[in-house]
Amino acid sequence: MRILLVEDDADTARYITKGLKESGHSVDHAGDGRDGLFLATDGRYEVMIIDRMLPSLDGLTIIRTLRGAGNRTPALILSALAEVDDRVLGLQAGGDDYLVKPFAFSELLARLEALLRRGAGGTAETVLRVADLELDLLSRSVKRADRTLDLQPREFRLLEYLMRHSGQVVTRTMLLEYVWDYHFDPQTNIIDVHISRLRSKIDKGFDVPLLHTVRGAGYCLRAP
Amino acid sequence: MDTRFLQSSTFRLALVYMALFGTSVLLLLGFIYWSTASYMSTQTDFTINVEIGDLTERYRSDGLTGLTELMTERLSRKPGGSSIYLLTDRDLKPLLGNLDRWPVNATLDQAWLNFELEDASETRSSTHHARARVFRLAGGYLLLVGRDIHELEIAKQRIVLTLLWGLAITLILGGFGSVMMGRSTMRRIEAINEASREIMSGDLSRRIPSRATGDDFDRLADNLNIMLDQIESLMESVRQVSDNIAHDLRTPLARLRNRLEELYLAVNHSDEAREAIEQAVAAADGLLSTFNALLRIAHVEAQESRGNFVPVEIGALIADVAELYEPLAEQKEQHLDTQLAPGLRLSGDRDLLFQAISNLLDNAIKHTPAHGTIRLVLDNANGNGRLVIADSGPGIPESAREKVFQRFFRLEQSRTTPGNGLGMSLVAAVVRLHRMTIRLEDNRPGLRVIIGLPLLED
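Heads up: the protein sequence lines correspond to chains A and B, in order.
The opening position of the first sequence corresponds to residue 15 in the working numbering, with each subsequent residue numbered one higher.
The opening position of the second sequence corresponds to residue -6 in the working numbering, with each subsequent residue numbered one higher.
Some hints here could point you the wrong way.
[Unchecked claim] To be clear about the criterion: a stretch of chain B counts as covered by chain A if any three or more of its residues have a C-beta under 8 Å from a C-beta of chain A, and this derived list gives those stretches:
#, region
1, 81 to 88
2, 274 to 286
[Said to hold, decoys possible] Sample of chain A residues lacking proximity to chain B, with all beta carbon distances greater than 10 Å (derived):
#, residue
3, Thr26
4, Gly45
5, Thr79
6, Val102
7, Arg132
8, Glu139
9, Leu142
10, Leu165
11, Arg168
12, His197
13, His208
14, Leu225
The hints are simulated quantities; they were obtained by calculation from the structure and are not laboratory data.
Glycine included, each C-beta is placed from N, C-alpha and C at the ideal position.
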């Protein structure tokens, strides 16, 4: 995918650019706010990564300007600030996701892919399918190979999120934010326990596992 | 008048002043009475002496006839007056005078005497006292000259009554005045107390009001305000220093971490190297998360405005925490028992509340042995919400209960378990920000954390 990176810190920019290129994406980099806005309005990008604190024009202003001009390209805000208000402000300005520095590259990549999927999708599906796993959003039932699985409401939402992002890596923080809707630091890897519980329901007794752990990154639900 | 006023030092001081003032007034009035009364008695005695002088003089010059003439004249001058005369022979047989007979207790020497007047005339309605002097004339005659001192006694009573009223009015006015003065003093002290309470609850920008009159209270307020300015600027610089340290160290640490990650992706041939790099990344992540936790606590502690607070249904939030941790408890075969009263709301930051309660529940699960019980109870007693998180673990010795809220404090028993010693510090900061209270108790066995919640009224 074509990605625009607006970041003034050379080292962070190099790290992100290198990682994204290695993952097979093409990246344009702007070192300050003005260049960033110029590239964003001119070029055609599938997703933007915009640092909040930038020389000449700050990240939130760039996003606000673009949104005002009708540009809907998904934007991920990078920030050194970790407070709830900051995130709320970023999302209010028209940002689609918010990531606090420092971050693991896998976290950034997972979030970018999730953003891209969200931008491309949007069709009102009522049944999600991954291989022989089937989740019906209307009847709120889950079946695998015609066997009905009994899930708790939260497990249902967890599976729904994983299925909507099937084939992508989903990180623990993404699950906390989107499935549990709280922004906090768990002291224990509590998500792992929920995942292993879900796994025992959807994969136990079946030959092919669907829910995989991606080492150092998160989880991935994918068809074999 | 509330009990706080009665307990105040101002009120006690006023009482002491009242007692001292009352005693002085009493002494002063006593002296006035004593001086007036003795003057009046002296006057009576003087008059009696003068009369005796006149009468004896007449007796000496004109004999018994002259004396009786003068006495008759004096008696006829004021028939119902207060003067008392009696002339007797040596056998105390009355010869002339307005007394029927010699007073019962009157001695015969020339001393002063006080006696009760018998009801001689209808003008004397009650018992009257008299003061008199007996004089022995040449020829054995006895002359008694006296005064009915009834008027004098009434006057003295009047004086006593007046003085007592004076004392009462003085005490009433004094008492009223000292209460008023005490109240005004107390109001000013209360203003200082109120400002102090607000400052202690986190509003460091608050200052003690000063009336700019330059009196001692204003000087006290000014000094306290200068002290507060200094504390505020010190705290601000400490906060900045710690923020800067955490922030400045975080950036190079993040770079180190990122380089390690790049290296990890680059060396895919050697399993041994990959594992070592993976461990190094995990160590860097641990350090970063400690820095983040420190910064987060600093931010929560420095947060003065509660502007982003929203009404939070606390029971639902606690249920979410319980639901998140329930599989962990189940994995450890612990029993997680929740009793949450519905519909209780408080004003707060839901992410911070979630963080604080999950830290506490995380600790409870971590420290409770297998098959133990953890209880989460939310209830409401007259508008005061209460959350109890009780476990059946080893608990915390009483001596360490205050210390667990300090940064990086860890109990001996939990040194081997994972954690950075910042979880409870963050809980304390969140509790303070929300004006909640936290108390640690012995659950016999285990730890019981009791959080007081300021609920919103419906």
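Hints and how they fare:
As drawn, the region 81 to 88 of chain B meets chain A at 0 residues by the rule of a beta-carbon pair under 8 Å; below three, the given contact is violated. Taking a C-beta to C-beta cut-off of 8 Å, the region 274 to 286 of chain B contributes 6 residues in contact with chain A, enough for the three needed, and the coverage statement holds. Listed as outside the interface, Thr26 of chain A is inconsistent with that label: its C-beta sits roughly 8 Å from the nearest C-beta of chain B, within the 10 Å cut-off. With a least beta-carbon separation of about 17 Å from chain B, Gly45 of chain A lies farther than 10 Å from that chain, consistent with its non-interface assignment.
Annotated as non-interface, Thr79 of chain A keeps its C-beta farther than 10 Å from every C-beta of chain B; the closest such distance is 25 Å. Here Val102 of chain A does not stay apart from chain B, with its beta-carbon only about 7 Å from theirs, under the 10 Å limit. The beta carbon of Arg132 of chain A sits about 22 Å from the closest Cβ of chain B, which is more than 10 Å, so the claim that it is off the interface holds. At roughly 27 Å from the closest C-beta of chain B, the C-beta of Glu139 of chain A stays outside 10 Å, upholding its exclusion from the interface.
No beta-carbon of chain B is positioned within 10 Å of the beta-carbon of Leu142 of chain A; the least distance is around 23 Å. Look at Leu165 of chain A: its CB is around 13 Å from the nearest CB on chain B, clear of 10 Å, so calling it non-interface holds up. Consistency note on Arg168 of chain A: stated as away from chain B, yet its beta-carbon is not over 10 Å from all of that chain's, at 6 Å minimum. The Cβ of His197 of chain A does not lie farther than 10 Å from every Cβ of chain B; its closest approach is about 5 Å, which violates its non-interface assignment.
With 10 Å as the threshold on Cβ separation, the claim that His208 of chain A sits away from chain B is violated: the shortest Cβ distance comes to roughly 6 Å. At roughly 15 Å, the least C-beta separation between Leu225 of chain A and chain B is larger than 10 Å, which holds for a residue marked as non-interface.
Hint violations for this structure: numbers 1, 3, 6, 11, 12 and 13, all remaining hints satisfied.
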